[in-house]
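Participant: Listed below, chain by chain, are the residues.
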Amino acid sequence: MKTLPRIVPLILTLTVLTTIPAASPAASKNDGRPDGGTLAYGEYGRPATLDPITSNEMISLRITELVFNGLVGIDEKQAIVPELAERWEVSQDGRTYTFFLRKGVRWHPRDGEAPRLFTADDVLFTHNIMMHPKTITPLKVRYEFIEKVEKLDDSTVRFTLKRPILNALAKFSFKVIPAHGPANPQYLTREDPFVRNPIGTGPYIVKSISADREIVLMANEDYFKGRPHINKFLSKPFADQNIMTQAMMFNAIDMLVLVNPRDLPELQGDRRFVLQPYNALSYAFFGYNLRSPLLADKRVRRAFTHAVNRKEMLDAFFNGQGTIISGPFAPGSWAYNLDVQPLPYDPAKAVALLNEAGFTPGPDGVMQKGGKPLALSLKVPIEKESEAVKRVVLAFQNYLKAIGVSVKVEFKEWQAWKDAVFAEHDFDVILASWVFDDSADISSLFHSAEIGPWKNNFGGYSNPEVDGLIVESKLTLDHEKRRTINRKLHALLAEEAPYTFLWTLTNYSGYHKKLRRVAIHPYKFFSFADEWFIPAAEQK
Amino acid sequence: MRRYRQAAGEVGERRERSRWRAATTADLAAVGYGLLVVALVVISYTLGAVGWLPDDPARMDMARLNAPPGPGHALGTDFLGRDMLSRLIVGIQAYFLPGLLAVATSLALGATLGVVAGYRDGRAEALVTYLSNLVDSFPRLVLILLVIAAFRADIYYVMLVVGITGAPAIASLIAGKIQFLRTKSFIEAAHVLGLSTRVIVVKHILWYNCAPLLIIQATLGMGEAILVETSLSYLGFGVQEPTPSWGNMVQAGANYFFHGKFWPSTAPALAILGTILGFHLLGDGLNNILESKSAP
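First to last, the sequence lines map onto chains A and B. Residues in the first sequence are numbered consecutively from 0, following numbering that gives the first Met the number 0. Residues in the second sequence are numbered consecutively from 0, following numbering that gives the first Met the number 0.
Because the hints were derived from the structure by calculation, they are not lab data. In this text the structure is predicted, and so the values were computed from the model without any measurement. Note that CB positions come from ideal geometry on N, CA and C, so glycine has one too. Don't take each hint at face value.
Unchecked claim - Once the Cα atoms are required to be at most 27 Å apart in a straight line, the calculated DSS-like pairs of lysine-lysine come out as:
no., chain 1, residue 1, chain 2, residue 2
1, B, Lys183, A, Lys310
2, B, Lys202, A, Lys389
3, A, Lys28, A, Lys206
Unchecked claim - One-sided excerpt, in silico: chain B residues whose CB lies under 10 Å from chain A:
no., residue
4, Pro53
5, Ala57
6, Arg58
7, Met59
8, Met61
9, Ala62
10, Leu64
11, Phe78
12, Leu79
13, Gly80
14, Ala125
15, Gly235
16, Gln239
17, Glu240
18, Phe257
19, His258
Looking at chain A on its own, in the form it has when it is part of the complex:
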């Protein structure tokens, strides 16, 4: 599980990477497309770490996508393709996976050292470091299904699973790191120099990080799928999102990973740029702290959902570029239950629900119960404070005021916000968003075993029925059955309203039209970047 900064972040799970085994390693792609040129892209901030294990935000994730590879990848058509593993065998009972690794793949060289070969030891090393109790990584819960991993020879590894699981192969897309990479071979922390100066097997090599955190990535001449076309990637962090689009209009950068919705019309009208939608499996929501006695009653949470006019916000703030959702899955996911309708905007119903839950208007107009006012704190990380976030939280505050609920908006520094929400659970409401892969696994969000410091069930939601369905869904190997269970889960969680589910936004990347053959992975973004190119005439 990863926390990602989008509207205010958190990612769920990981999928995969790129494509097409090259004929001969360490050579040009020989596809007739030109090499050369530089791509400078605007980022929403500075990544905390650059390795695939400790990173927990979109900014880092995008960089690791350029630097590392998994055993398997996913191509543009969502099919699983070989990557560091050339081929694989799955046992009859679905419990053992044997990967035959690509030979001759070399790690990026360190200064003054010859590049080392990628071997089975690196795969074992990555698994062990990922599962080490002292390694803090959102990936751990995702790989608990692995019982053991063995090296059969230098280019063969075998994974034994605790139980057969659905779509297991896709999970072997985790990024492999070199055994000679981290300074500490036991576990990986954010203090390890490797997290700032990583080496991988991927198409781009981290060359340098400037004082203002501009990251320079150079093409890996030795890349096993053939040298990537574009010579140099530059990741430029922008503290102020508002000038990112302007920066591109003035040619300071060539690409925006995510265009601010309000800048869309401007870019649409400019023929120098291409706008490309990509569908992230994600959604935004208001999450409630169910530890608070005020919010423990589901009628109160449903009242809030009725009080919020989601359609109005989506239209006014995002030009209607998105879909309102009713439950815990992204609407593009197979698990999403279209039969469940989002609760309608109905302030009168909201007030009635609050009355039913025992709240009556107090002298100051704020609803109260037993002398205790319905006053809540809404915590928002200030670092990610974009105009859109500000608008949504202030509109939320206003909607709830209309039904007699007082909301205090507190803008907090990013780390302080994470501490308050995930460690201390000191909040009533947050605005956040989850990003999923296609496995639609919501166990870490709503299973009661996931309540605790730094776990994703931050609101402390606990319901034996939901727990049962989640476990059942994980154990079943039948896709249709799993779909039925997830549809039931969707209906149940929509009814229980541990969140006020908001919407999925359509993401747009914007880039200069000199960039060609741009394919974008829904949320890892740069998975296919080694195939992108710039025509020779436009390389400057």
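Once you have looked at the hints, place chain B on chain A.
Facilitator: Okay, now just chain B, sitting in the frame of chain A:
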């Protein structure tokens, strides 16, 4: 004693009247503009305090975000469709009382230190000078951010800092004035008449002779306080949304400035400009008229 007080008053009045008569048109215009601004601020503050506004400053009109000025919204709407004019008027609350606190603090502290330094020689003066230099040597914004970090982003704490850091300037002005007045015959006469030091300092020096100076410093201090409040709110440390402050209004509006929607940031920015200019011109004009050395 009574007669003496009247006599001193007459002397002062006559002097001030003649100064007003001799004032240049520019100075009078500056003072006039400044007084107009002060009147507008006070009236708007009162309107905001009693809630007599063109529209509810918290009401959002989601169908009209960043609407241009027009009927219903004389100055347009902001990024959440709220009425700009009402928010501008209510925004005065953000600095009015805190600003007065800052001014009162620096006047009280400055006058006290100034009297101590000016009326007592030697060590007291050295100590006051030392303290003033100490406060002056600290960058004000750093000090404010320090206070915000140590306590919380409360505008009254901030204004206390603004008041304290404004005190040394006033102290040195008062001290200089007192040192000059001490040699005057009417002070010596007061001493001879056996008046207490307290009466001489408060009444004869501060009240009769330093009042113009203090008023000038108060207007300049108010301008300074408004600037600090709006700057902090602009940076997100001051008044928090949804409460309006001219600073956070400029900040919110600035995001849309390059999208051809200039009024949400321009209106509060002009309000800040006009108001601070008003306070400064008032102070400057008064200074030229009442304190200039060339006047009779």
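Participant: Going back to the hint list, which numbers does this structure go against?
Facilitator: 1, 2, 4 and 14
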